[in-house]
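If you want the building blocks of each chain, they are given just below.
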Amino acid sequence: DAKTTQPNSMESNEEEPVHLPCNHSTISGTDYIHWYRQLPSQGPEYVIHGLTSNVNNRMASLAIAEDRKSSTLILHRATLRDAAVYYCSRMDSSYKLIFGSGTRLLVRP
Amino acid sequence: DTGVSQNPRHKITKRGQNVTFRCDPISEHNRLYWYRQTLGQGPEFLTDFQNEAQLEKSRLLSDRFSAERPKGSFSTLEIQRTEQGDSAMYLCASSLGWPGASSNYGYTFGSGTRLTVV
Chain A
1 DAKTTQPNSM ESNEEEPVHL PCNHSTISGT DYIHWYRQLP SQGPEYVIHG LTSNVNNRMA
61 SLAIAEDRKS STLILHRATL RDAAVYYCSR MDSSYKLIFG SGTRLLVRP
Chain B
1001 DTGVSQNPRH KITKRGQNVT FRCDPISEHN RLYWYRQTLG QGPEFLTDFQ NEAQLEKSRL
1061 LSDRFSAERP KGSFSTLEIQ RTEQGDSAMY LCASSLGWPG ASSNYGYTFG SGTRLTVV
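Residue numbers (my numbering), protein chains in the order written: chain A, 1 to 109; chain B, 1001 to 1118.
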């Protein structure tokens, strides 16, 4: 199963926007792109998902490239509580999520 | 509903012993998934259920692993003759989903069971 690829870590200042990139160049046309985040000693938490169009919810925005080979999770104003590991994943047609190794986001006060 | 519940939270066992983990999903969710996560890695798929039917088993799920979801409610994951390489966080998740659905839904994960084999 082809996995997504992300930078190992990123840093941001509090109250600034954060753009977390993800490469999924081998994604199939019917696979959804999902983002989750995980705090220490907790299970992953759903953030957002999309197929082709950009998506917004109360937590974040998801920008999907027109060719669907990459996407970007956007946190509009990072807070200290947003410090976590962010996983870009793809959901195949059998509803199975395939995770990459994630990006550790550090937020500086 | 308090979300997905996993028990125990932590389990330390001696090599060669059998262990069983339990997962209680969100009651209206028909899909249930088991994942394994080792330090510094993303979760890896083990197996999934649609109601009580087990759908797919990863090649990570050796013959020592078995999962059940009787009556389509809670699920158990058993590991027989544990090995040190089984030490990991075992995550359970649930979701709604139907084959052929035009949309899909996110997973709700539990907090996991951390297994340490000594």
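Hints were generated in silico from the structure; no laboratory data involved. Be aware that a few hints might be false.
[What the hints assert, rightly or not] FRET-style restraints, in silico, Cβ to Cβ:
#1 E14/A - P1008/B: 43 to 49 Å
#2 Q1080/B - P109/A: 46 to 52 Å
#3 N1018/B - N13/A: 24 to 30 Å
#4 K1071/B - N13/A: 25 to 31 Å
#5 H19/A - T1038/B: 24 to 30 Å
Even glycine gets a Cβ: it sits at the ideal position worked out from N, Cα and C.
Starting from the range 46 to 52 Å, see whether the pair Q1080/B and P109/A falls in it by beta-carbon distance. 48 Å, holds
Range hint 24 to 30 Å: satisfied by the CB atoms of H19/A and T1038/B? 28 Å, holds
Given the range 43 to 49 Å, decide if the beta-carbon distance of E14/A to P1008/B lies inside it. The hint (43 to 49 Å, Cβ to Cβ) is violated, given that E14/A and P1008/B are roughly 36 Å apart.
Taking 24 to 30 Å as the stated bounds, is the beta-carbon spacing between N1018/B and N13/A within them? 50 Å, violated
How does the Cβ-Cβ distance of K1071/B and N13/A compare with 25 to 31 Å: does it lie in that range? Violated, at about 51 Å.
Comparing the model with each numbered hint stated earlier shows that hints 1, 3, 4 do not hold.
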